[in-house]
Amino acid sequence: MPITNDFDVIIIGGGITGAGTARDCAMRGLKVLLIERHDIATGATGRNHGLLHSGARYAVKDSESAEECIRENKILRSIASNCIEDTGGLFITLPEDEESGYGLDYQKKFLEACNKAGIESRAISPSEARQMEPSVNPSLIGAVVVPDGSVDPFRLCAANVTDAALHGAKILVYTEFLDFIRQNDTILGVKVLDTRTGQTAEYRAPVTVNAAGIWGHGVAEKAGVHIGMYPAKGALLVFGHRVNNVVINRCRKSADGDILVPGDSVTVIGTTSTKVPFEECDHMEVTPDEVRLLLREGCALCPALASTRILRAYAGVRPLVADDSDPTGRSISRGIVCLDHETRDGVKGFVSITGGKLMTYRLMAELATDAVCRKLGVKQACTTADTPLPGSLDGRIETVSKRFEGKVSLGQKSAAGRQGDLVGKILFETEADKQLVCECENVTLAEIKYAVRELGVRNLQDLRRRTRVGMGTCQGTLCIRKAAKALAEALGDPSAADKLAADYLDERWKGMRAVGWGDTLREMEFMQRVYKFEKPYSYDEV
Amino acid sequence: MQERNISSNNFEQCQKCSLCETVCPVMKNNPDYAGPKRSGPDGERYRLKNGIFFDDSLKYCLNCKRCEVACPSGVRIADLIQQARIDFSHKAPKLRDIMLASTDQMGPVAGAFAPIVNFTLGLSPVKGVLDFALGIDHRRTLPKYSSETFVHWFKKNAASKQASFRKQVSYFHGCYANYNYPQLGKDFVAVMNAFGFGVQLLENERCCGVAKIANGMIPAATRDAHANMEAFRKSVAQGLDIVTVSTTCTMTLMEEYPELLKVDNSDVKDHISLVEQFLYKAIASGAVKPVWKEGWKARAAYHCPCHQERLGLGIFTVELLKMIPGMQLTELDSNCCGIAGTYGFKKENFKVSQMIGKALFDDIAAAAPEFVACECETCKWQIEMSTGVPVKNPVSILAEALDLEKTSELNRA
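Sequences listed follow chains A and U, in order. Under numbering that gives the first Met the number 0, read the first sequence as residues 0 to 541, first letter to last. Under numbering that gives the first Met the number 0, read the second sequence as residues 0 to 412, first letter to last.
Extracted from the complex, chain A is given alone in its bound form (with noise of 0.2 Å):
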């Protein structure tokens, strides 16, 4: 087993708070290992509203966390300007938030929290809201508008990769971390498996950080260390266009599909709330009732959802530290859990980085390097918050893609809009190059390319995460051979190209199924008899 001993610190977890965790401790000049069992923004990172909180949510209950996140939102807005579309946010007050104590009066309170936590926000008239989002419950009473926008958290955290690997970190995705190397009372290392290959290796550094979100209550107890986790599991669905060009909220106390997102193509409604017992969470489903539930409270912000057609479903784990005063989880502050395992525990060279929400990932990750450069001894002060990430120096698309010469293609377009200023890299050499492997969602062959070569791409998943590639209507029906062949011969490896293509349309295939009625059912039906599945697939027909 070759044991490697060059790290100043191990990070555990390739979600946004290790990807961030990993760019910090980079920047201040360590050298940085972070290991992810799959690939980047496969837990909770992946799987949210990709909301960028203006903080309004949390005003008038947890102020502390309304700062925090309008602190972040402003600087995301200047170092990641191309994973954030600036939509603007709308609350709004329908005629029934009256009856159950959240009518007019709530929102003046609300408006009177978000302006002391400094979220900038002001009240505006039911047909200014109406005209400013044409999609919105034209019955509103009143709204809100503040700074909230989209963020598009698969990008956010390949950027924070990116950039730690830039500053030289180490990255090691496919690679399960196993247990401790422990001596006494102190942590030394990492066991760890290579999940391709089933090889086992050790790293060692002064310093570990557990940043695997819930997954981390697993990797606390093996360093013998209890944190009192439990899994939130929230689900949402993922709408076929994008119904609203505003983020709408619900101006009352936060509950069940009270916010509706746009983002990219398409328009995302979330979220639930309910406990689950840890052994879910590799396994998430989408329950029928929590489908009916998200629509029913979908079409109360925008009634043009009961008729919109539904991709797919799908479901994250919140890692929130328990309270077990209250079952359902709401009243638990997202307050950020920065965990120095020596002072508490006893147990040294440990952290733990949890609690939180992706908007304060940043500040997670300051905080959790903060905490290691104590133990370290090491004095460099936090830059994360000034320096842009990869691809964000510009964010705009129309001037990103004047980066391409002569005429810009839709392909190309799509491209910069999703890589940023880093879509010089990607290379139009022949025609071929051009043509568009997927349709939907214009991915050009010279990006998959790209994403092969550069953004660490092993499967057609990892794929989707860094280009969108099968995410449109048809859900890959349609690009994926194309897609699986291009990626099988970069890889080395045409053969691969079916297995590729089969573990890809069997994880869209569990999305849809939740859904599968109307138009989406017809869809499973055309990608069923393309592929010619064996699965007998089920719907609901409630």
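These are computed hints drawn from the structure, not numbers from a lab. In this text, a Cβ means the ideal position worked out from N, Cα and C, and glycines have one as well. Where hints are given, some of them may not hold.
[Unchecked claim] To list a few chain U residues with every Cβ distance to chain A over 12 Å, as calculated:
| id | residue |
| --- | --- |
| 1 | MET0 |
| 2 | PRO40 |
| 3 | GLY42 |
| 4 | ASN49 |
| 5 | ALA69 |
| 6 | SER101 |
| 7 | PRO107 |
| 8 | SER123 |
| 9 | PRO324 |
[To be verified] Covered, in the sense of this in silico footprint (three residues per stretch, anywhere, with C-beta under 8 Å from a C-beta of chain U), are these stretches of chain A:
| id | stretch |
| --- | --- |
| 10 | 304 to 311 |
| 11 | 352 to 359 |
| 12 | 438 to 447 |
| 13 | 472 to 485 |
| 14 | 519 to 526 |
[Claimed, not checked] Pairwise CB distance ranges, derived in the manner of DEER restraints:
| id | chain 1 | residue 1 | chain 2 | residue 2 | range |
| --- | --- | --- | --- | --- | --- |
| 15 | A | GLU428 | U | SER88 | 27 to 33 Å |
| 16 | U | GLN327 | A | GLU404 | 54 to 60 Å |
| 17 | A | ASP505 | U | ASP361 | 36 to 42 Å |
Using the hints, position chain U against chain A.
Chain U in isolation, oriented as in the chain A frame:
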């Protein structure tokens, strides 16, 4: 769980099966055109996100609507493309496009000087100038103008007799019958009168607006649409249904008004019919009876215009023509002739226009008919120019084949 899962955003029904791409005549012949699926439903998803994703190549769509006929999911693909052009193409129409599109403004001017205009437009130096200065292709035979409009003729020669008929219809003649080919209008009046229908003109009929829509002149087209709707409503209120002779005008009145111009026509739509449909139903139901000329014989080939196919009305013409005892009719394969209204007149489209039409031209050559039967005036220009075979409107064919006097006697009772 969704009670209605048919979205009003019709593009959502697209399953990406790509059948539309297999029938698009432009895609086969112009590699710069992304095709109906990508320009329509695919493009729409991205245009909803950001107008920057509007692609200039949408101008190559000739709006033949074959994609809509082919679509198994009922997506209004061509409408999506036209709508995107309306919403996102902010280039001002060129002088040429305005001239080509303003059929009812150019008509009266050209008609007043018809002999000079027709002579001049036929001269090759003039065509060279039109080509160079305006971008109207010099190889194109330009439609001729008539010195007397149909409306003028009608008021002078026919209007006074119409009141004597028990049954009455309103006639939407369109710009072509009025300015370019009044004989078609005359044939229409003769045939309708023979079957016992009096013909009335609509009050202030305007151009249907199709050429204006195609050339991005939406406010002007919308004004025309409102004026026409007002005329239709008056007609319907008086109990007169509206009968049309032009396929494309009819499609515009029936489909494009509500879909693209957002002009509601639901109250009169059911009262508008194309003449072939109107007559077939009248004859088939026994409401009117034809008497055919003894010994009239013809060998014809029927070309169904794209928009006739979109309306699903080609079958009426075929069945109507088959009623003529001396008619030997070949039904040509479904193909676009390539002209698509003003599209083929434009220099940049001429080559593609002729490439698209080739399959049809070859079929016509193989069938070697005496003439081609076709309801559409621009198909007529294209086919006559490209094959040399004359094209006749079915109404004109009826006017020839019917014994008009005996038919009128029979239907007078």
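Hint check:
no.	hint	in the structure
1	MET0	violated (5 Å)
2	PRO40	violated (8 Å)
3	GLY42	violated (7 Å)
4	ASN49	violated (7 Å)
5	ALA69	holds (16 Å)
6	SER101	holds (31 Å)
7	PRO107	holds (41 Å)
8	SER123	holds (34 Å)
9	PRO324	holds (48 Å)
10	304 to 311	holds (count 5)
11	352 to 359	violated (count 0)
12	438 to 447	holds (count 3)
13	472 to 485	holds (count 4)
14	519 to 526	holds (count 3)
15	A:GLU428 to U:SER88: 27 to 33 Å	holds (31 Å)
16	U:GLN327 to A:GLU404: 54 to 60 Å	holds (59 Å)
17	A:ASP505 to U:ASP361: 36 to 42 Å	violated (48 Å)
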